[in-house]
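Asks: These are the residues of each chain, in order.
2 protein chains.
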Amino acid sequence: MNNLKRVVLLVITISYCFSPSHQHRPPRLSLLQRGIRKKLENEPTSISKGFTTYFYDQTLDHFNYNPQSYTTFKQRYDLNFKHWGGSPRHAPIFAFLGDEAALGRHPRVGFMMENAPRFRALQVYIEHRFYGESNPLGSMKKSLQNATIRGYFNSAQALADYAEILIYLKNKLSAHNSPIIVIGGSYGGQLAVWFRLKYPHVAHGALASSAPILYFDDITPQDAYYSVVSKDFWDVSESCYKTIQKSWLEIDKIASKPHGLAVLSKKFNTCRQLRNCDELKEYLDRMYAGTAQYDDPPTYPVTQVCGGIDGAPKGTDILGRIVAGINAYLEDTKCRDTDYTPSYETYQGWNWQTCSELVMPIDHGYDTMFWPSNFSLSEWSKHCRRSFGVEPRPHWITTYYGGQDIKLILKKFASNIIFSNGLRDPYSSGGVLQNISDSLVAVVTTNGSHCLDLESSKPDDPEWLVTQRKTVFRIIRGWIKEYYATLSATHKLAL
Amino acid sequence: MNNLKRVVLLVITISYCFSPSHQHRPPRLSLLQRGIRKKLENEPTSISKGFTTYFYDQTLDHFNYNPQSYTTFKQRYDLNFKHWGGSPRHAPIFAFLGDEAALGRHPRVGFMMENAPRFRALQVYIEHRFYGESNPLGSMKKSLQNATIRGYFNSAQALADYAEILIYLKNKLSAHNSPIIVIGGSYGGQLAVWFRLKYPHVAHGALASSAPILYFDDITPQDAYYSVVSKDFWDVSESCYKTIQKSWLEIDKIASKPHGLAVLSKKFNTCRQLRNCDELKEYLDRMYAGTAQYDDPPTYPVTQVCGGIDGAPKGTDILGRIVAGINAYLEDTKCRDTDYTPSYETYQGWNWQTCSELVMPIDHGYDTMFWPSNFSLSEWSKHCRRSFGVEPRPHWITTYYGGQDIKLILKKFASNIIFSNGLRDPYSSGGVLQNISDSLVAVVTTNGSHCLDLESSKPDDPEWLVTQRKTVFRIIRGWIKEYYATLSATHKLAL
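For the protein sequence lines, the chains are A and B, in the order given.
Using this note's numbering, you'd call the opening residue of the first sequence number 4 and step up by one each time.
Using this note's numbering, you'd call the opening residue of the second sequence number 4 and step up by one each time.
Treat the hints with caution; some may be incorrect.
Copies of the same chain are indistinguishable here, so a pair counts whether it falls within one copy or spans any two.
In the DSSO-like style, the derived pairs of lysine-lysine whose C-alpha atoms are separated by at most 30 Å in a straight line are [what the hints assert, rightly or not]:
#	residue 1	residue 2
1	K414	K175
2	K410	K173
3	K385	K173
4	K175	K410
5	K145	K77
6	K52	K77
7	K415	K173
8	K385	K175
9	K385	K77
10	K415	K175
11	K484	K415
12	K484	K410
13	K414	K484
14	K414	K473
15	K415	K473
Because the hints were derived from the structure by calculation, they are not lab data.
Since the model is a prediction, treat every value here as computed from it, not as a measurement.
Please take these sequences and the hints and turn them into a complete structure.
Replies: This is the structure:
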């Protein structure tokens, strides 16, 4: 997912922001930083180049046999045959598993597209049900208003979709012996891991980048995400970290004064006057988290922000430094849009997914550079009941996919999964960072960020990133080589 | 399942039984031989001995989030703590996965009950959703009449039920590190395999007896079941085999004559007059298949039947020999109930399960001791549409669980499954009969029958059966030993 979402509950703190009304405010689902993430200098690779779009008549409900479940909907998938070695050679298939966004321009298909020629691989890119053109009722809004239809919008159904389409393709192309490698990042990375675990007869291996599969059911501490964000800032500059840490109380102080919000609005150049001080604090929260999550070379946003904060003229006060930090990162003079009520389908869809099954309890905790706050499941449930009338099932993900004691469980079960993580990415805290076995391998980079390795390579990529991608390439090549050997031994096929 | 069912379509043959009306007769779902299987001399072990019954509030629909799916129903499970070593010792849990019958007196829990003391294992026995007391609407009939509710009656939901209950139990008993071994036979054996594959974080290993996991989607030839039945008879007596083979035409001949059905009814001592000759042929079909499937020591029903057929006085005609065969097996003088319209819930439930997802195409083919007939999916679908208004999904089982190329797929994926099969059991033809890897092991006995190894041992058990059970015991002990070693290494726990 471009933006795994933080489930943030603003709770009662000792700050001035506290007022009785806050106690009853629903926890907010913070979409990740998209809005604040700086526009990429190099536009992402266009998925449309060389790809052709198809639609599959997908089963709405794979796990039931009531009349509704026999309904189908059109699911989009894109194919690129350009480099494929063909079925007689059992040439591989790379399948990029769509995440919580429409197919289209997607920076994360770079790795797949660059490596397809080397593997002579067919490229498949499948859209996740309910996003983009794969919505049963034509639009996310309509689907989410329909209490029956939205029920089918979940990960288990999505994995079964991928299985059906990939099996269909193999049959259609007579490519029964072509090994499939599934690829995904963030939520898509979770899906890739889960797909290899649940459908080993369809996917021969999985490359899962920045997939926080352990950020469920309290396997990972709730403050782990923000601890990494804070550590990223600390590593760049202790003074920057401390300035940010102090800024929250400053904001509260000013906000509590007469016309305080007007003062803050002006200071931060907000597009319209702030409604309350939380609005500003959460804007900043999203920005810091975003710079940490996408702390990509060559600019390294955290360094940019801290450069601004630390580099402000002597005597600049705390909030002045924060403003300087924002300006150093965003580098433009536009007003700052602190209003965070996105209407686009990714936000809406993700709100549903996290209100039903994907409950990832993430909050500041008490030991980060952010104001103290704790995730409360009961508040989250209240929000979900209010939004959809449903109760989240916080234990379902671990019931269905596991997660607890993953090393013990998978040491002698499963194979061929790469858990790729960059430690600057706050989501790496919910990832698998150690090898589980010879073929359940963690590829970890100290300086990597969220899903960076899946993006197209650039001339100025640092050495560690080049090495990371080479390592991943080598591992996948190893899987495929071994697969052909086993295939040959099992089927006595000449390859 | 006590009785994996054959999906038999009587098709047009050259026999006299042919009449235009047969062409349109729906294919019949033959329940396995229960009705004709001879009463066991030793009554099956009572499950109630030492077990206590509990009920779990089970989620009706694990894979959806529509309002209906939040409904729960009471699911029965039985526990026996007598031999359990307790959670501080991480003592194992044996979980018998219910199949298509109510919990209760079940011959297949013998192995579990006998071995629990040796493993100091907690015994759990979970009823399959919709059977027995675990029916959402209180009765199978009511549930099957409800097009929405019956939709939730399938294997994927059943596996998720087992996962929920077992996780709940582990939490409740603080037995997080107690390894669970799931056990099942026939359909329950399929469930055990699939459970280990889908929920390795819940089950550490699976013992699957007589589980024809490959009898789907044409992985196994349609006539494989009847080929084994025929081979069982051939191995006992070539002349017996040939007598049976000739008998079908004899029946047709007599049936085609005036009052032919009355003659046959009298000859075979049917409880009421035969409606057509198919009724008699299918009665015999079920009996032969049943004797082969349950060709258990010490009596060996196939040998009994052939003893009667071959031992009839010289000059006895073909049908007279067949009658002698039946009498030798059933040993009583009651009339023969050829009417096959069972009303009990197992039959009804299984009819639904095979009409939705569990499509196992089984028929005589052209080279067995039975009359030629072929399975027709379109006829089967017609029957299902007529019964329930639904279309079977014949490819779903292999889509979700796999099956094709199982050796290639699982060689380096999964572990700790015993595929136990007796080659006299016709369902062994759809089972895994060769080791896939070190820990995906086939235990095969030449003389074994359907699920025999799961039953209680008896003083006169033949040596091969005693050895088979010992082998299974040793393998499971090995898994648990290895588990404790890994647990200790991973958690650094003193055991």
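Asks: Take the hints in turn and mark each one as holding or not.
Replies: Hint check results:
For a Cα distance limit of 30 Å, the shortest separation of K414 from K175 across copies, 26 Å, qualifies, whereas the shortest one inside one copy, 36 Å, does not. Proximity of K410 to K173 under the C-alpha cut-off of 30 Å is restricted to the inter-copy arrangement: shortest distance 19 Å between copies versus 33 Å within a copy. For the identical chains of this complex, K385 and K173 are inter-copy neighbours only, at 29 Å across copies versus 45 Å inside a copy, given an alpha-carbon limit of 30 Å. Only between protomers do K175 and K410 lie at most 30 Å apart by alpha-carbon distance; the minimum there is 23 Å, versus 38 Å within a single protomer.
For a Cα distance limit of 30 Å, the shortest separation of K145 from K77 inside one copy, 16 Å, qualifies, whereas the shortest one across copies, 34 Å, does not. In this assembly of identical chains, the alpha carbons of K52 and K77 lie at most 30 Å apart only when taken from the same copy (22 Å versus 54 Å across copies). Proximity of K415 to K173 under the C-alpha cut-off of 30 Å is found in both arrangements, the shortest distances being 29 Å within a copy and 21 Å between copies. When the C-alpha separation of K385 and K175 is checked against a cutoff of 30 Å, the pair qualifies only between copies, where the shortest distance is 27 Å, while the shortest distance within a copy is 47 Å.
In the homo-oligomer, the alpha carbons of K385 and K77 lie at most 30 Å apart only across protomers (26 Å), although the nearest pairing inside one protomer, at 34 Å, exceeds that limit. For the homomeric pair K415 and K175, the shortest alpha-carbon distance between copies (27 Å) is at most 30 Å, but the shortest distance inside one copy (34 Å) is not. For the homomeric pair K484 and K415, the shortest alpha-carbon distances inside one copy (21 Å) and between copies (14 Å) are both at most 30 Å. In this assembly of identical chains, the alpha carbons of K484 and K410 lie at most 30 Å apart whether taken from the same copy (26 Å) or from different copies (17 Å).
In this assembly of identical chains, the alpha carbons of K414 and K484 lie at most 30 Å apart whether taken from the same copy (22 Å) or from different copies (15 Å). Taking identical chains as interchangeable, the C-alpha atoms of K414 and K473 lie at most 30 Å apart whether they share a chain (25 Å) or sit on different chains (27 Å). In this assembly of identical chains, the alpha carbons of K415 and K473 lie at most 30 Å apart whether taken from the same copy (27 Å) or from different copies (24 Å).
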